[in-house]
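Line by line, the protein sequences give chains A and B.
Going by my numbering, 354 is the number at position 354 of the first sequence; the sequence numbering is gapless.
Going by my numbering, 52 is the number at position 52 of the second sequence; the sequence numbering is gapless.
The set of hints was computed from the structure by calculation and includes no laboratory data.
Treat the hints with care, since some could be wrong.
Calculated lysine to any residue pairs in the SDA-like style (CA-CA distance at most 25 Å, straight line) [to be verified]:
1. Lys141/A - Asp228/A
2. Lys79/B - Pro114/A
3. Lys79/B - Tyr85/A
4. Lys432/A - Arg100/B
5. Lys432/A - Val90/B
6. Lys129/B - Phe141/B
7. Lys81/B - Phe138/A
8. Lys81/B - Phe391/A
9. Lys432/A - Ile84/B
10. Lys79/B - Arg92/A
11. Lys422/A - Pro96/B
12. Lys90/A - Met66/B
13. Lys158/A - Thr171/A
14. Lys79/B - Leu390/A
15. Lys387/A - Ile84/B
16. Lys90/A - Arg288/B
Given the structure is predicted, the values throughout are model-derived calculations rather than measurements.
Here are the chains, one letter per residue:
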Amino acid sequence: MFPQKRRTRLMAFAAASSLLALTAACSGGAGDDEGNDDGTPSGELTVLTWRTDLVEDGTFDEYVETFKAKYPEVTEVNVEGVTDYEGTVKTRMNTDDYGDVLAIPGSVTPDQLPDFFEPLGDQAEMEKEYRWLNDKSFEGKSYGIPVVGNVQGILYNKRIWEEAGVTEFPTNPQEFLDDLQAIKDSGAASVAPLYTNYKDSWALSQWEGWRGAVTANPDYVNEMTQTDTPWTEESDSGVIDGTIYDAVAQGLTEADPTTTDWEGSKRMIGVGEVATMVLGSWAIPQMAAAGEAAGADPSDIAYMPTPSQVDGKFHTVAGGDYNLGINVNSKNKATARAWIDWFNHESGFSEAQVGLSPLIDGPVPAALEGFMSEVELITMNPAPEGKESLFADIDTASGIVTTDPKYRLSLIDDARSGARTKEQIFDDLNSKWAEGRADAGA
Amino acid sequence: MTTAASSFTGQAAAAASEPDLAHPTGKTPGGVGRGSARYRRLTPYLFLLIPVGLLLLLTYTPVVNMFWYSVTDWDGLDKTKNFIGAENYVEVFTDPENLRVFYVSLFYVVGSFVQMALALYFATILSAKIRFKNMWKGILFFPYLINGVAIGLIFLNFLKPGGGLDTVLMNTGLESLIHQWTGDPDIANYSLAAVSVWRYTGLTFVMFLGAIQSINSEIYEAAALDGANRWDEFWHIILPSIRPIVGLAFILGISGSLSVFEIPFVMTNGANGTETFVIRTVWMAFERNMVGLASAMAVVLLIFVLLVTWLQRRLVPEEEVDLT
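Whenever a hint applies, use it, and build me the whole structure from the sequences.
So this is what it looks like as structure tokens:
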């Protein structure tokens with residue numbers, strides 16, 4: 001009849017409905033999970049994981065199969081592998097839709113935990129079963145359980161170190177530097193005795209793992225809040241950053257740090273072009289696999305403790321990796337809890353990842369047995385009550401931010417150019433720290 | 001296909017109920033005319049509805065939110081955002097590390113002048129009659145078509161120690177010129193600015209060439225009769241004719257220099273003294289979790305770019321070009 005009229009009307013409808021659909025798409029998504037809050041695990045579950053590699057190679061499919069076999073009423077477990085886990089999940093946490101089970105991103109501060117995560121139980125009670133709960137606990141409640149425990153120290157290529165004639169673990173930082181020099185002189189490591197991973201700078205934060213191990217002091221981080229001068233020749237911070245400075249200044253690292261390549265470095269240390277990297281024990285399986293893929297022997301990759309001894313013993317700090325928590329908005333918390341418990345007790349994840357089990361009486365993986373027999377484990381003590389956020393406050397106010405690699409990048413810049421001596425850098429860091437303490441009211 | 005089918009059935013259904021719905025009062029032919037005229041007047045607005053709706057949803061709302069975040073201490077996650085007034089803006093302009101990034105921008109500003117000079121040079125040459133003109137144009141424009149991240153990766157391998165550039169220098173006996181192109185803090189910014197020039201010269205060149213080719217050829221003939229040489233032609237005909245385009249390239253150059261991101265981000269991640277304003281903003285928001293401060297930096301950048309554009313309009317007014 002009046003085709004034009006109807007067409008425009010249809011078009012208006014189409015326009016309006018597509019706008020509606022767009023806005024609906026933004027607010028929808030949550031609330032379609034079936035399940036119950038108590039009782040047996042059932043229904044559908046969404047799990048967010050940072051291990052995209054394990055999603056792709058089918059490991060997670062096996063986990064899901066086993067889990068469903070144990071809990072037949074669970075209809076579906078959707079595992080979402082998230083690349084750039086920290087950034088993506090943090091953004092998603094501004095909505096209600098961030099899975100049922102997820103690893104708690106590192107940027108969530110303890111006082112934010114109750115806003116986003118379901119309490120898993122009283123910390124004191126859970127500590128009878130699990131280790132390393134301090135990180136994700138707040139006011140006596142635990143909000144996450146680590147999937148695996150890491151130890152901190154030095155990852156190295158055993159073959160290269162032995163070819164350079166070094167067979168004993170270095171017992172102090174100077175010996176460590178001498179050993180690196182010996183490797184450099186032997187020419188065995190064609191790229192570098194020590195690789196900084198300067199460009200993918202997060203790897204520099206891994207040196208933080210030495211804190212506490214250098215002086216065998218489980219309260220080291222808490223004591224940093226009590227002093228205006230954490231960077232001295234003897235202190236943990238001073239030893240860590242001093243070792244980096246000296247290694248770079250003495251030319252024991254790669255020639256041009258701005259062109260380092262994290263993915264490539266796995267192969268390089270695997271085949272022995274790089275002799276040493278400072279990384280947590282979590283890196284061992286990745287490096288061994290990359291070496292094997294390039295035709296090297298995966299057992300060349302070994303682990304040594306922080307080069308420092310107290311009373312003739314090495315120490316290493318053990319701590320949790322990512323913690324699994326439950327979305328406070330989840331519709332299926334019982335199943336989510338079942339997944340976490342199953343993952344820690346029965347999945348075999350921690351052993352497969354060459355890590356320590358989060359269970360107190362859990363097994364030690366074969367690759368770490370030699371290392372574990374030589375060192376004493378330290379677990380860092382939590383901050384005293386009422387001062388949980390003091391360290392972070394000082395850290396931020398000082399502008400240093402020890403967890404951020406930025407200040408180490410400039411440390412390396414200075415070590416290369418000689419623009420500032422180690423003492424000048426330490427003085428600068430100490431004065432910033434003192435300012436930070438004053439600002440944070442310590 | 002499905003929309004066609006459903007609109008057909010929709011039509012049928014609408015036609016069936018049409019008399020009752022649209023004209024409850026009866027059959028007035030004039031009413032139909034008025035109605036369709038009204039719809040016809042509405043049509044352009046309906047066409048605007050979706051694009052403007054999307055713009056509002058995806059651009060203007062986030063920008064308004066950004067202004068709000070910039071006066072809070074939000075960390076990107078917290079449920080509460082505390083209002084802290086202009087504190088973030090004070091921080092942007094007082095922290096010496098925040099100011100250093102403007103110094104880095106100067107390298108790119110200088111780079112953008114080099115880029116305009118090169119582009120003008122090529123455009124002038126290629127506006128003359130030469131063989132394989134389109135091939136030369138294609139070659140010069142091609143770098144602009146490559147994704148910025150890919151360019152970063154290409155040059156990362158080209159400039160790394162022992163990479164392409166070093167090999168070329170070695171084979172031509174110029175070993176003494178070899179440097180750590182991104183590793184040496186005195187050179188890194190020049191290297192990165194040069195990569196940026198390499199990428200964007202093609203775009204500026206095409207803009208200039210288009211403007212030059214729109215000049216009426218009779219003017220050249222007249223000039224030739226008057227005894228003008230090529231240099232006179234360039235100085236008195238080409239340059240004045242394309243002045244508005246040069247002005248445009250100038251704005252793009254300045255605002256581009258302030259918002260350099262991909263190339264230094266991919267190649268050095270802002271380390272070694274190559275941090276630019278946008279890299280620092282991104283780092284502030286996503287590594288330091290200071291979304292409030294980062295939003296303030298983004299607002300400052302926006303205002304800077306608007307200011308430069310306004311200044312440019314004042315200094316180089318867009319007058320009509322008169323060559324007679």
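Which constraints among the numbered hints does this structure fail? Numbers only, ascending.
1
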